Structure formats: structure tokens, C-alpha cells
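Engineer: Next come the chains, spelled out residue by residue.
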Amino acid sequence: MKYLLIIVLICGMLGAHFLYRNRTSAVPEDEISLGKTLFFDPLLSSSKKISCASCHKPAFAFADTSALSLGVFNRKGVRNTPSAMNVNNAAFFFWDGRAASLEEQALIPIANPDEMNLPVDSAVHRLQQSGFYQAAFRNIYKEQPSAKTLSRALAAFQQSLETSDTPFDDWKMNDNQQAVSESVKRGFALFNGSANCVRCHFGPDFSNLEFRNIGLFNGKDLNDSGRAGITKKTTDLGKFKIGPLRNIALTAPYMHNGMFKTLREVIDYYDDPDKIVPDPINRDSLLAKPLNLSERDKQDLENFLKSLTSRSLTNL
Amino acid sequence: MKSILIPLVTLCLLSCAQKEEKHEFYGKWKGKFKSGPLAEARFREDGTHDYFMDGKLFSSGKSSFRNDTLKTFDPICGSGGEEYYATYKVDFINRDSIVFRAIEDSCKPRIYDMDGTGFSRLP
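Top to bottom, those sequences are chains A and B.
1 is the number of the first residue of the first sequence in the working numbering; add one for each residue after it.
317 is the number of the first residue of the second sequence in the working numbering; add one for each residue after it.
By construction, these hints were calculated from the structure, which means they are not laboratory data.
Note that the structure is predicted; figures quoted are calculated from it, not measured.
There may be inaccurate statements among the hints.
Stated by the list, open to error - Under the rule of at most 20 Å between Cα atoms (straight-line distance), these lysine-lysine pairs were calculated in the PhoX-like manner:
(1) A:K185 / B:K346
(2) B:K378 / A:K172
(3) A:K172 / B:K346
(4) B:K344 / A:K172
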């Protein structure tokens, strides 16, 4: 009788644990908190071992440190994981722009066999089976979990990941001349001028609504057709989304395939692309001539890019 | 004769000076662009300007202001590496309120946002 009581107690405790996942944390009361909880929850992957945050790592501006991220069962993705921060001004999502809204974007990695590998219906079913999530979704959306509310919550969390607390912002926004070095100021002048960076990277997040071919497509060893895979237009061959540069110092490696390990490698590439990829197809005419940057120019540009790092991330 | 001429010339000069009232353009201004966002513009006497949207720098360029006319260059509006300066008339509704009127600007996003847009001075 005593043993039976102990077994019943243990079963009860285990049941309660599974019924109320994360019960130690309070039930989220707003979309952003719910989205954050979901973002970090491996429940949304088939193996229950991978969450959004497994590839979008907070310490690295919600990007990954690998050229290609590993999904469930160590399956390798095909493109570099972009930062999930500063996406509010984006018109397209993913390197090839296949999603037109954050909500649409949010569900795609869950279902992608190389990432979280869980059909969205199954993900929703898991949430509906969880007392914790039932309570949270009903509290916030007045309905049980659905694909629509799951995407809304994840999108709301990503929308909250805006940063404008960088040394660069301090310099420009607060007119604080001491916030950045003279090297950063020279780097910004180059970025905004003769280095041509501003022609593609501009606006609040140093991004763009366009897709450009920067020369990393040659149809051979570099054969990711990018935007053309979505539009089926030959003029889009090798074009990729122009991503934001905020927190770029934390998001190495770079480019859609993660082929550049450091910011300096990126700058060296733009300085003379032919030295790295001599046989590009459809490369943008902006990169037709070498920039002929000096060593000091390169260092200044790198320092400027580093000045775009949020203090909230450098203090992690 | 000389004693009459000097006051007359002085009066004439004063009168001319009053007609050409010099507007104070440099400083911080806020307005709402037609494309949506609230913007803050800062025009500096050193010939630079910055536009901010939602607390972030949007564009950093060069400009000069003379006789209520603004010549302005934004790198994102350039083409082929040249510094293209657009021309705007700045209408002063009063000393703290202005409206930009495009005289010549081939940069479509900028003219859409700037032409006819009102700004008010920030402290």
C-alpha cells in the first residue's frame, strides 16, 4: 500500500510536469512574452531538441556562428542563418525573399525538414495539448493555439528585437562626438561615399528592399541561384536580399553561404571581388571596379561596422 | 548737402535690410513624411544634414541654405558616384514652421517625401 502511494505520487508529479510545461515560469501575458517562450521552446521541432534559438542565438544577435546551421538529427541547412533582429523595416524574409511577412516567415523553419521538421499542424497540436500554452494563448488571443496565433506570437517577439543603442546611434542621435572614434567617423564617411556601401545598405538598419547579385554566383562551385529560385527570372540569378547591418560584428560568418569568416574578409571581397570570385555571373555593375581601399580605409570601415553593435548585446 | 545724404543712405540701407529678413534654418526640425514615418531633420552650418526616423539615422548628406533655397545631397539618391544636389525652396510659414517646395529633384523617393512637407522647429 505504501509503495502504491509512492508510485501514484510520482506519476502525479510527472503528469503535472508534462501537463504544465515550464510551469516554473509564469504564463505569458502578452504576445511578445509568448513569442519569446515559443522561440526558445524545442517543443516546436520533431525531435524536441531544436528551437528557433538553436540557430538564432541571442548572444550573436540572433544569428548563428556556423556557415550553415544544423537542424534536427544534425541535418545541415543550405544557407547561412540571418540575424532575427531589426527586421521591422524588411519587406521580404529569407535570403531569397520567399516570405512577404514576419508571420509567414515564422512558420516556415518549423516545417522545413532540414530545420525543425515539424508540420505546422503537428506543432499546433502539441501546443493545444499543453496546459501551459492553452492558458497562454487563451489569455492573449482568447482562443486556443492555432497556426495563425503561433505565427503572430513569434512575429511579435522578433519585432521586439530592435536595437538603436549603439555607439553609432549615440554619436548621431545624441550628437555625442566622443561616442565613437575618429576611425569610425572616417569609416562612416567612406561607407556613405567612395566605398559605395550606402548604395545598397541605407536607411534605419542599413538594409534595402531590393535583391542584388554581389558576385557570389558562378554556376559552378557557387551555384545557389537565390532570388531566381523564387521568381524563375534569369535576371534574378544570384541575387539575394540585402540584409541589415546592425549588429553585423556579432553575426559572422557572412553572406548567404557563410563563406566569409570575418568582417575583414567581407571588406577585402568588396575591395576587389575578382580576386576572390573571378568568374561571376550577373554581378551587379556597382562592383565592376576595384575600390582600391588602403589598409587604413579597411580598418576604418571595419570599425564603423563594429560601432553598429547594440550595447545590450555587448553587455551579455 | 552732405548732412542730408548720410541719413538718407542710412535709411535706405536699413530699409533694404528689413526686406531681406534672414531666416534661421539651421537646427533641428520634425515632420511627417508622406511615406509614413515621423522624421527628424538636422541641418548644420557645417553643410551636413541628418534625417532620423524612429530614433535611427535614415540618411546623412550635405546641404547648403541661402536665400530661402536649399541645395541638398543624399548619398542614397546619387547615381554613378556623382554628388547630385536637388533644389528646394523653403517657405517659412513663421520662424518655427517651414514647408519644402521642390524646384528640381530627380530622386523620386525624396521628392515624394519632401515636396510640400511641413516641418516644425525642435528646441
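Engineer: Next, verify each hint and record whether it holds.
Structural biologist: For each hint, the structure was consulted:
| no. | hint | in the structure |
| --- | --- | --- |
| 1 | A:K185 / B:K346 | violated, 25 Å |
| 2 | B:K378 / A:K172 | holds, 15 Å |
| 3 | A:K172 / B:K346 | holds, 16 Å |
| 4 | B:K344 / A:K172 | holds, 13 Å |
The structure shown violates just one earlier hint, number 1.
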